[in-house]
Amino acid sequence: MDVPVSVKVPLAVKFWTRWRMKFLLCIIFALTFILPKTGIINPYIDMVLIYIGINMILTISLNLVNGYMGEFSVGHAGFMALGAYTASLLSVWVIPDSLNSYLFPLTVVIGGVIAGAFALIVAFPSFRTRGDYLAIVTLAFNMIIKSAIENIDGIGGPRGFMGMDKMTNLPWTFVWVCITIFLARNFIFSNVGRGVLSLREDETAAGLLSVNTRQVKVLTFVFSAFLAGIAGALYAHELQYIYPKGFTIAKSTDMLVMVYLGGIGSIGGSIMGATVYTVVLEALRSILQFAGISQEWRQVFAPLMLIFLMIYRPKGIMGMREFSFLIPEAERFQKISLNPFSKKNRNRKKSEELKS
Amino acid sequence: MQYYIQQILNALQVGSVYALIALGYTMVYGILTLINFAHGDIFMVSTYIAFFFSTLLLGLTHHLPPLFTFVATLLAAMAGTSLVAVIIERLAYKPLRTAPRISCVITALGVGLLLENFMVAFKPIGPDSRIIPALFESTNYVIAGVTFSTLQIMIILISGIAMVLLDLVVRKTMIGMAMRAISWDKFTVPLMGISVDTIISITFILGASVAAIGGTLYGMAYSIDPYMGIRIGWWAFISAVVGGIGNIRGAMLGGFILGFIEIFTPVFLPASTYRDFVAFSLLLVLLIFKPTGILGKPAVQKV
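Protein chains in written order, with the numbering used here: chain U, 1 to 356; chain Z, 357 to 659.
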C-alpha cells in the first residue's frame, strides 16, 4: 500500500491498527473458556453458539461455490455427511479413548480431507459444462451418499451412528470458525481467488485472460467440500449422534437459505446469514411454544423465507459487500472492484459512458 | 419366466406413473429452462386432492356408479392441482422471470419444501399415511400364472392414453406450436402476437394435470403421505434427465427405464434399499458420458 510519505503515523496508532484484530480474537477466545464456566452462558446458549459456528463454516463453504464462483451446488449436505461419518468412525473405532482429546483436530481435518477427496471425484466429470449440470450432479451425489450410508449396516445403516465423545465445545468451534474465515479470505484474495471471481463474471473472458478455468473450478469445489467436511465432523462431535436422514436435501436447503440470506460473494454475509438464521429459528421455537402452535410450523418458515428472499432481496443482507476487516489491508481502498452494486461504482460507470 | 413377466408388468405400472410426472418436469424445462423441483410435491398435493374429493363423494352417497366417481375424482384432482400449479407459478416464479436462472431454481426448491412441510404442519392432513378409497372393484385375473388386477391395467392404459394425448397436443395444436416456439426463441415469440405468460401458465396446467392423473392412480394402488413427493419426484426427475430433459418422448422413455430399475433392483441385488443408489448412480454415469440424455439434442453454447 502506498502511504503518502508526508503523513507521520504515531507508533502507537500503527501498533494498534496492526494488532487490534488479533487482540480482539484473543479476548473472545479467552471468553469462550471463561463464560460457560461462570454460568453466564448456560448450556442451551452454549449449544446455540456452537451451532452458529458450525453453520458459519457451512455457509462460507457453500458461498465459495454458489456465491463467489457462481456455480450452483445443492449437495453440500453429502460432503457434510462424509466428514461427519469419517470423523466419528475414526474417533470411535480407531483412536484410543485416552488420545481422543489430543487427536481431535486431526480427526476433524481427516474428515475434511475425505470429503474433499470425494469432491475431486465428483468435480472432474461435472465441470465440463455450466449451468444446471452441477446442480443435478451434486444433488445425485447427495442422494447416493445418503443411500450408501443407509445400506452399510456396519456403521448403523438407517439407524445412525453414535458413541462419539462430546469433543466440540465453544473454544474449539471458535478456533475452527477463525481458521475457516482465515483460509477462505486468503483463498478469495489469492491468485486463484481472482480467477474464481472472473469465472463468475464471464467464463469465456476469464479463459481468454489465461485463467485455467477448469483447474480453478475443481480447486474451489474441493476446498469448499473440505470445509463442509470439517463442519460435518464438528457437528457429529457436538450432537454425538448422526443418522443418514439428517443429511438430506433439507439440510442443503438450510445452507442455501443461510448463504442467500447473508449475501452471496461475501464472507461477512455468510457470518451474518448463519447467525441470523440460527438465532431466528431458535427464537421461533420459543415463540411457537408461547403461542401454542405446533413446532412443525418452524419447518414451514425456512422455505418461505427462501422464497421471499429470492423475490424481494436476492442480494441478501450484505449483498456482495464485505466487512473491511475481512479485506486485506492492501486492498481496502480498492473496494470498487469487489462491489459491482455500489453507488460509487455505478456512477463511475455512468460518467465513463458519458465521456465516451 | 412367469416371474419375470409379472415383474415386467409391475415395472410398466410404476414406470407409467414416473413417466407422467417426468412429463411435467420436462415441459417446464423446455419452456422456461427451469428445473421445477417443486413438481414432485405438486404430484403429492394432487394425491391429497384426490383423497379428499373421493372421501367426500363417497361420504355423500354410495349410489353413484363407480365409473362416475372415478372420472369425477380424476377431473377434480386435475383441476385442483392445475390451480395450485398456476398459483405457484404466478406468485413464486413469475416475479423471477428476469432474475438469474439460479434464483428460480432455488425458489423451486423452496416451494417444494414449503408444500411438504406445510402439509405436515397443517392439522387436517398431518404426517400420517393414507390410502385413497377404492373407487371401483378391482378383481385379480390369473392368466398363465401371471397375476394382474383391473387397477394395474387401468393405470397402464390411462397413463398411455394421457401420454399420447399430451404428445398430440404438443405436436399438432396451435398451443403446442406456441410452446415449442417459446422453447426455441423466447424473444421473437412475443413479437408474433403470442402471450408468453398464457402459454407458460398452460404449460404448468398441462404438467400438473398429467401429474394429477398419475397421482390419483398411484394413490389408489399405494399409500400416500406428505413426503412421498420427495422420492417419487426425484425418480421422475431422473427419468426426465435420463430421457433428455426438454424432450417429451424422452421423458416417457426415461420413466419406463426407471420403473424397470425400481422393480428389478431387488431381483438382482440383495435388498430394495439399493434402488436409490442404483438410480442416482445411473444418473451420474449418464451425465458423465451423455450429458444431454438418451434422446436429447446437444445444446449449442452461444458466446
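To be clear, the hints were calculated from the coordinates, so they are not data collected in a lab.
Any given hint could be a false lead.
Unchecked claim - So the derived list for chain U, only partly shown, Cβ under 8 Å to chain Z, looks like this: (1) 32; (2) 72; (3) 140; (4) 148; (5) 152; (6) 153; (7) 155; (8) 178; (9) 181; (10) 183; (11) 186; (12) 297; (13) 299; (14) 303; (15) 306; (16) 307.
On a predicted model such as this, the values are computed, not experimentally measured, just so you know.
All C-beta atoms in this analysis are idealised placements derived from N, C-alpha and C, irrespective of residue type, glycine included.
Consistency of the hints with the structure:
{"no.": "1", "hint": "32", "in the structure": "violated, 34 Å"}
{"no.": "2", "hint": "72", "in the structure": "holds, 5 Å"}
{"no.": "3", "hint": "140", "in the structure": "holds, 4 Å"}
{"no.": "4", "hint": "148", "in the structure": "holds, 6 Å"}
{"no.": "5", "hint": "152", "in the structure": "violated, 11 Å"}
{"no.": "6", "hint": "153", "in the structure": "violated, 10 Å"}
{"no.": "7", "hint": "155", "in the structure": "violated, 14 Å"}
{"no.": "8", "hint": "178", "in the structure": "violated, 29 Å"}
{"no.": "9", "hint": "181", "in the structure": "violated, 25 Å"}
{"no.": "10", "hint": "183", "in the structure": "violated, 25 Å"}
{"no.": "11", "hint": "186", "in the structure": "violated, 26 Å"}
{"no.": "12", "hint": "297", "in the structure": "holds, 5 Å"}
{"no.": "13", "hint": "299", "in the structure": "holds, 4 Å"}
{"no.": "14", "hint": "303", "in the structure": "holds, 4 Å"}
{"no.": "15", "hint": "306", "in the structure": "holds, 4 Å"}
{"no.": "16", "hint": "307", "in the structure": "holds, 4 Å"}
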